[in-house]
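Engineer: Chain residues, written in single-letter form:
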Amino acid sequence: MNNRSHTPFIRTVKISERSSKDTLKIRIAAFVLALAAGGIFMLLLGYNPFELYGTIISGAFRSKMAFQATVKFMIPLLMSSLGVAMAFKMRFWNIGAEGQIIVGAVCASYFALFHNNWPHFLLLIVMFAAGAIGGGLWGLIPAYFKSKYDTNETLFTLMLNYIALHIITYLRDGPWKDPDSSGFPKIARFAANAQIDKVFGVHFGWIIALILVIIVFIYLKYTKHGYEISVVGESKSTAKYAGMDVKRVILRTMILSGGICGITGMIQAAGSDMTLASSVAGGVGFTAIIVSWLAYLNPFGILLVSFLFSILDKGSSVMQSAYGLSTYFASVLQGIILFFILGCEFFIRYKFVLTKKGGK
Amino acid sequence: MLKTNDYYAIELKGITKSFGKVIANEDINLEIKYGEILALLGENGSGKTTLMNILSGIYYADEGTIFIDGKEVSITNPHEAIDLGIGMIHQHFKLVEVFSSMDNIVLGTKGKYVKSSALKEEVLNMSNKFGLEIVPDKKIYDMSVSEKQTVEIMKVLYRGAKILILDEPTSVLTPQEIEKLFIILRKMKEQGNAIIIITHKLHEVLAISDRVAILRKGKVVDTVNTKESNEKQLTELMVGRPINLKISRPETKKRKTVLKVVDLSVANEDGTIGLNNINFKLKSGEILGVAGVAGSGQRELCETIAGLMDAKTGAVLYNKENIIGKTPDEIINLGISMSFVPEDRLGMGLVGSMDMVDNMLLKSYKKNKGAIIDKKPSRKLAEELIDKLSITTPGVETPVRMLSGGNVQKVLLGREIESEPNVLITAYPVRGLDINSSYIIYDLLNEQKKKNVAILFIGEDLDVLLELSDRIMVLCHGELMGIVDAKKTTKEEIGLMMAGRKMEGVDSDE
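Protein sequences appear in the order of chains A and B.
Going by my numbering, the residue at position 155 of the first sequence is 155; the numbering climbs one at a time, nothing skipped.
Just add 1000 to the spot in the second sequence (first one is 1) and you have my numbering.
I should point out that these hints are in silico values taken from the structure, not numbers from a laboratory.
A portion of the hints provided could be inaccurate.
Here are the simulated lysine-lysine pairs, DSSO-like style, with alpha carbons at most 30 Å apart [unchecked claim]: (1) B:Lys1376 x A:Lys148; (2) B:Lys1312 x A:Lys236; (3) A:Lys221 x B:Lys1376; (4) B:Lys1366 x A:Lys247; (5) B:Lys1367 x A:Lys247; (6) B:Lys1312 x A:Lys247; (7) B:Lys1366 x A:Lys89.
If we take Cβ atoms under 8 Å as the criterion, some of the chain A residues that face chain B in the derived model are [to be verified]: (8) Tyr53; (9) Gly54; (10) Thr55; (11) Ser58; (12) Tyr222; (13) Lys224; (14) Gly243.
Away from chain B, derived, C-beta distances all over 10 Å, residues of chain A [said to hold, decoys possible]: (15) Met159; (16) Tyr227; (17) Trp293; (18) Phe329; (19) Phe340.
Quick reminder that beta carbons are idealized off the backbone N, C-alpha and C, glycines included.
Next up, chain A with everything else stripped away, as it sits in the complex (with noise of 0.2 Å):
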């Protein structure tokens, strides 16, 4: 016999269910973790943790203005977390949201550019809709190539981020150029007529925002809709047994996935950036991602997930300029965290055990 006769010493094993106390406990260390492991990335580069994280904390929240900031910080991630999370529940991989995002900017700005003597309310319903319109027809492309062909919507969603980021930089060297810039490639800014109101001191998409949360929330839960999605994700053939069409469900919440896409960049181009800028989408659409799975596609998680994830980046911010730190330190900082926050995903699926010896 030619066995080597070792004995594992650690083993993982699958934990069949763990209690959602245990969990959230397992989460608490994760983060607690996290931030300690931040903390000693602070100490190497010579800085006081507590100092830095006091920062981030009261640059998030120090004063009316900072807080503004960071709600005005969350608006577009919260919505474009929404939108991703309804593909998500049927295992579509839209990660396109950057491009319906910036499709729903462009379709929106066609009419605060051009129609800017409409009223301001009927101008801004048309600018909602239109975004909306934009951003759900981008996202039915390649639901459409997907349920048709079987089309692979990772990459094809992914490709048509680019293709939307480039046709703003055609309208913006071409036909939308500012005629007024002198020479200087942009998009002229918004009349004030096409800008959307503030309540509160941040742009009215707030509200719209969180009425989204709970309208996406009933959506998934309790509508025929949102029952279709979960199925069509768990399993094709179950969908197609319990007499639904498959196809059209995809076509179908693709349309609205985009669409809430969209809608986040109207409400970006018209209330944060007040004219149609290529950074409109800014990543948003990608982040967007990590928010909807941390959140498990709860939509009140991804409420909670995204305003932590601004707290962190507008906090992040004032730190940088405080501190006179480089932009790529908060980066570090953030994929820290993350990766104990997702790492901490194993535990809750997996324990390890020590081999026990010997028999009885």
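Based on the hints, put chain B in the right spot on chain A.
Structural biologist: Just chain B now, kept in the frame of chain A:
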């Protein structure tokens, strides 16, 4: 050659293995000698496969020791198991379809490259020795199930296995092929190999084994010599109490044709023939059994009738209306209430991650008016089913994949029966179920039969098909071999038809 020495081939002492809270094996002591066939008998979920997976290095026991040839060993991965001479033949074959049998046999072994002519000779030599029929150059995709199984056996023998473990080897074979397998196993036993065969079919245990170890709920309840035992005793040991093994076949009157299948041909997605020119009638108040080796067109037949697959030609008539090409919704609107219990319970009939309430909704959510779903009726139905079919579950909100196989099937069949169908299609409704659950399912089917439901029963156990069905139709490679009267036919006759012999004009009920 192998010699029988004083040591046991395998000796297990105090093996315990748990998954989370579930104890799959508890304090198992078991031994097997060379030149012996041990049957491991137990119901599904009794821990047979777990125990064998521990032996073959797939799992690692929490506690206990394994002795091979009298030496304590530790098996941490399948390679070590092979090094120790343990070869496992899995229920689902692990072969590369596009390779020839000899390529599959050497695949993954560590030896140097051997010229294919030399290899061929080696394989042929070995196959002669064990009486295995192997064509070294034949590709796997050209093989029948039993040929593939032979390759699997050859694979482990080539790796020098002296201890063979076969996990439910007969479930995919015709009666004739089973007999052939048994001859091979006996021959290997004579050559001094130790063989463990996992099964839950009693007559096979009695036919092949020397000793039987009976597992119940993860424990070895008894080990008996086969010669001194009988079917009744084994069942009692397996189930834990006496049980009546007779399946009833109630008589019904006024049978009327409900579905008439005419010249039905179906192509699979990959262009192969699924069904070829099938003709039969399905009548109310009867159970029409469907026999055939796995993959003979059973799935295609069910899914085409249920409207999930397109037919190439032919028709399925209900009151002279063709239901082919209609969506499940349209079929329901014709007044046929069709229920389909698919083979793949959690992949098609139910959603595993959803709870019972949501699974009840699958069938009924469309009837809700408006956009919002009212879950109350589903909840009520779920609670009723738990009561009526004594489904063991922590509650209606537990995901159904957490339930045992039998309970999952009760949920599925229960939901389908509750919709009061007049056509009920069931594909392998008792697969993976323990004896007790199986009999509950037979009773439920008979109850439906008495309510004049037309039942299509796809089965795999011929004994059950013969006892339960009124008529049996046999499929082979997508073709209908004939329909026979279940009361008059024999297992042998059906076996021959399963292997491809046509019986023209024997349909007893035309």
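Engineer: Check each numbered hint against the structure and report the violated ones by number, ascending.
Structural biologist: Hints 1, 8, 9, 10, 11 and 16 contradicted; others consistent.
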